[in-house]
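Student: Each chain, written out:
There are 2 protein chains.
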Amino acid sequence: MQQRSEETRNRILMAAINCFSSHGYDVTSVAEICEAAGMSKGAFYHHFPTKQAVFLALMESWLGGVDEQLRAVMQAAPDVPSGFVNMSQLFGEVFTAAGGNLPMFLEFWTQSMRDPAVWEVVIAPYQIYQNLIAEFIQRGVDEGSLRPVDPQKAARWLLAMAMGLLLQGLVELDEQRSETAQKGILSLIEGLKA
Amino acid sequence: MQQRSEETRNRILMAAINCFSSHGYDVTSVAEICEAAGMSKGAFYHHFPTKQAVFLALMESWLGGVDEQLRAVMQAAPDVPSGFVNMSQLFGEVFTAAGGNLPMFLEFWTQSMRDPAVWEVVIAPYQIYQNLIAEFIQRGVDEGSLRPVDPQKAARWLLAMAMGLLLQGLVELDEQRSETAQKGILSLIEGLKA
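Residue numbers (the numbering used here), protein chains in the order written: chain A, 1 to 194; chain B, 1 to 194.
Don't take every hint at face value.
Which stretches of chain B does chain A cover? Using the computed rule of at least three CB atoms under 8 Å from a CB of chain A, they are [said to hold, decoys possible]:
1) 13 to 24
2) 107 to 121
3) 155 to 168
4) 179 to 191
Treat the hints as calculated values from the structure; they're not laboratory data. Using N, Cα and C, we set each Cβ at its ideal position, and we do this for glycine too.
Same shape as in the complex, but just chain A:
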């Protein structure tokens, strides 16, 4: 029973991703999500009180757990620049995993500009990543592999580049987009090296 409930919840989330990505969050109704998921409104409201709750759950599932993954990658690397090089290889996975659903990424940001509740959920993990990357950069400065930059600022540059590359990957369905993305990050790391 527990498992079936979990399955229903996931079906709602998947249907919602498709609806939000194709038509946008604003114009998507709960009725449309239910139709796409092939279930009743009753089943929907058993799992989520509102359309926004589904949206927030999607964001949390997308953004949560990334910090653990980044920490593991950095820990396995011999030095900080190599750790970032290995992280940059995650682009391929992100593009593959996100598939046609990357437009949701834009919806998150667009909605966060308008709704403080969404802003909290989008920005909170963003600041966690920024602090985590700043921590890695500080380690790089300490070990002498990076030049003495302001860790918070350099973390912003790396995140800015990563987001910009995701944004490009959205509109240009380039075969080589993950390789291009990876090399871009490497050039920035090159510029941060001691």
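Please arrange chain B on chain A, whose structure you already have, making use of the hints.
Tutor: Chain B only, in chain A's frame:
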């Protein structure tokens, strides 16, 4: 008369920016734009056939002419890396000029994912900038100031970083955002130097 017509058109555009930025493109109606602009629907339709036409006009006015400006900045610089350094100083102007209307930037991208007509208008100038920056990078490689990178790819990295920095500037109203943005671009240029 000509001048008055121009003024009316600009009033519609300004009102539309505010409506789209605050509530989003999808949920904004022509009636709301008219109310915000303090004019009749008749006056509106005299200037624009549809809401989308206003949106496309906004994009064109925002994206047009940037290539001329970039060309002038590069021409005035002694070498390509200095040219990019000078370009990075335009961030301050962009943040100031855009004011509270930067969310429109997100709307452009979000809408372009859904509507081929918008995609054309967003992506066409984007590819012009990318080609222009690739041309600058090729010049840098030729003059020996940049390492022998693929100019199109390096142009994508620079644009990705610039877009990511704009995106960050949207959500984090940091006092130092233009300085942070500028230094980020400089670190990337550093990584591209010969």
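Student: Going back to the hint list, which numbers does this structure go against?
Tutor: Hint check: nothing fails, all pass.
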